[in-house]
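Participant: Now for the letters of each chain:
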Amino acid sequence: MSILKMSFTGRRSLALTATAVAVALAATGCGGDSGGSTPALPGNPGLGGDGVIAQSVYDAAPVATDADIPAGSTMEAIRKRGYLNIGGSLDAPLLAQQNPVSGTIEGFDADMAKLLAKYIIGKPEVKTTTIGTQTREAMLQAKSVDAVFQTYTITPQRATQVAFAGPYLTSGLAVGVRKDETSIKSVKDLAGKTVIVGANTPAVTALPSAAPGSKQIAFGTDPQALQALLQKRGDAYVQDFTLLASGAKANPGMKVVGEPFTTEAYGIGLNKADAQFKEFVNNWLKKIQADGTWAKVWEGTLGSVVEGGAPTPPALGSADGS
Amino acid sequence: MEALTAHLSQLGHGLVTTVELTVVTTVGAMLLGIVVATLRIAPVPLLRAIGTAYVEVFQNLPLLALLVLFVFALPTIGITFPLFTSAAIVIAVYEGAYLAEAIRAGINTVGVGQAEAARAIGLTFGQSLRHVILPQGLRAVIQPIGNICIALLMNTSLAAAVGVVELTQAANNVNLVEAQPIAVFTGAGLAYMLLALIIGQVTGLLERRLAIVR
Chain A
1 MSILKMSFTG RRSLALTATA VAVALAATGC GGDSGGSTPA LPGNPGLGGD
51 GVIAQSVYDA APVATDADIP AGSTMEAIRK RGYLNIGGSL DAPLLAQQNP
101 VSGTIEGFDA DMAKLLAKYI IGKPEVKTTT IGTQTREAML QAKSVDAVFQ
151 TYTITPQRAT QVAFAGPYLT SGLAVGVRKD ETSIKSVKDL AGKTVIVGAN
201 TPAVTALPSA APGSKQIAFG TDPQALQALL QKRGDAYVQD FTLLASGAKA
251 NPGMKVVGEP FTTEAYGIGL NKADAQFKEF VNNWLKKIQA DGTWAKVWEG
301 TLGSVVEGGA PTPPALGSAD GS
Chain B
1 MEALTAHLSQ LGHGLVTTVE LTVVTTVGAM LLGIVVATLR IAPVPLLRAI
51 GTAYVEVFQN LPLLALLVLF VFALPTIGIT FPLFTSAAIV IAVYEGAYLA
101 EAIRAGINTV GVGQAEAARA IGLTFGQSLR HVILPQGLRA VIQPIGNICI
151 ALLMNTSLAA AVGVVELTQA ANNVNLVEAQ PIAVFTGAGL AYMLLALIIG
201 QVTGLLERRL AIVR
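Chains A and B supply the protein sequences, listed in that same order. Each residue of the first sequence is one higher than the one before, starting from 1 at the first, in the UniProt record's numbering. Each residue of the second sequence is one higher than the one before, starting from 1 at the first, in the UniProt record's numbering.
For reference, chain A alone in the conformation it holds in the complex:
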């Protein structure tokens, strides 16, 4: 089942500052720099150390042939430039979090971006521009970035503005509560309750239909939302299942109840007009799913907080809008 989510944050720069302050003062349990400064140290427990993929995964990853990269294409331009320019995050545990020691960005999204860079250029060179969820469409339309790797949920409305390769990951929203909470056992019990969500996450729009009558309060980042839950600003926290699981692992004061109640399909956001690039990225996804690279990335990142092995990767084009 599931994986993750978290695309937070509006005002990315604000959120980064806010997160830094919140984490510093609130001891949210993020152990921070628990080692893992090089890819050679996989499986380091604790947030921050997770999300490290063995160098051998990169070494074995496929590289596109010259025939795959026609002259004048976006791929050729990227290869000539020498790095892939992506829009992403630096503060999403297990997805794309910057290691404070090494400065490298670790997590599922970050590794997928590096593997796409390796496929196009031959080496995993990625330049990450941190962007807010409210500017993704504009950045892609203006070609400020080549692609967006940011747990970008595929929706038909968004697909009118951008092209989605994938889905490359699916997950679902679940419910987190304080440890001593007994009256909330699933999303059905949220009616009349105050529910914390991450601003600009799918929970904002999914909650009113999944739990009618619930009152919603939104915080800019996941650490803030977790802190708000523990400080009793709300009765529950609705967020992606994997993110909640990693939060519960780090914070003994909370637990996850029930199964995920939505299905989110995450796509790689690309320029709407560039059908050739979308086909190229989809072909790459097919390759890394077939050769087991996808599963290795999953196990090294999100798999570190979810029991059981890697799930079956989502079928390409299976989401409405991809």
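Don't read these hints as lab results, they were simulated from the structure. A hint or two may mislead.
[Stated by the list, open to error] Some chain B residues judged to face chain A by a derived CB distance under 8 angstroms, without partners named: (1) Ala161; (2) Gly163; (3) Asn172; (4) Ala179.
Treat the numbers as computed from the prediction; the structure is a model and nothing was measured. Ideal Cβ positions, reconstructed from N, Cα and C, are used throughout, including at glycine.
With chain A fixed as given, assemble chain B onto it according to the hints.
Facilitator: Just chain B now, kept in the frame of chain A:
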């Protein structure tokens, strides 16, 4: 355009919250500003020091950091305010420092002779402040106060970071569905501009009626 019209009630609620937050914090910041400016010109050294410390502390901390501290740090020592109240308190305290300086500048325009005359007819410090100094001082700085109020309006958007669904957060939520940031944020931007223009107009009106021509 459709992205905006389909969510008018959502954006409208955000706009109302922004206006409420602006009005409440402007009143609070004005009162604080007057008190702090008074402290800064008080005859007692300790009071002057308190006023100076207030201004230095709150002018030199980022508003966002203050908001996050207030909302997430206070609960760890058992003090929790509702989010709207938290945002209103923090923004009022922060903007109060700026207003205090503007008001102090106004007080400095009042001639020393005015204060001496007030004292000569037997008014206490409080009385001369209330009846002589402040009325003249405030009327000298109506325009700067208006500008600070416009900045205050813009600063209310930071409340979105701590969970208050004001205009900026409402626009974020709409964009999450519509995926049309340029249309949505242009609309929200125009709403802010309209509010700022209204503040500017009121300020201009007050200035024409109240300013002292020297």
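Participant: Are the hints correct? Go through all of them and say.
Facilitator: Quick rundown of the hints versus the structure:
At about 5 angstroms, the closest approach between the beta carbon of Ala161(B) and any beta carbon in chain A falls short of 8 angstroms, and the interface hint on this residue holds. The closest approach between the C-beta of Gly163(B) and any C-beta of chain A is roughly 5 angstroms, which is under the 8 angstroms cut-off, so the hint is satisfied. Restraint check, Asn172(B) versus chain A: the minimum CB separation of about 4 angstroms is within 8 angstroms; hint holds. Checking Ala179(B) against chain A: minimum C-beta separation of about 4 angstroms stays under 8 angstroms; hint holds.
Comparing the model with each earlier hint shows no violations; every hint is respected.
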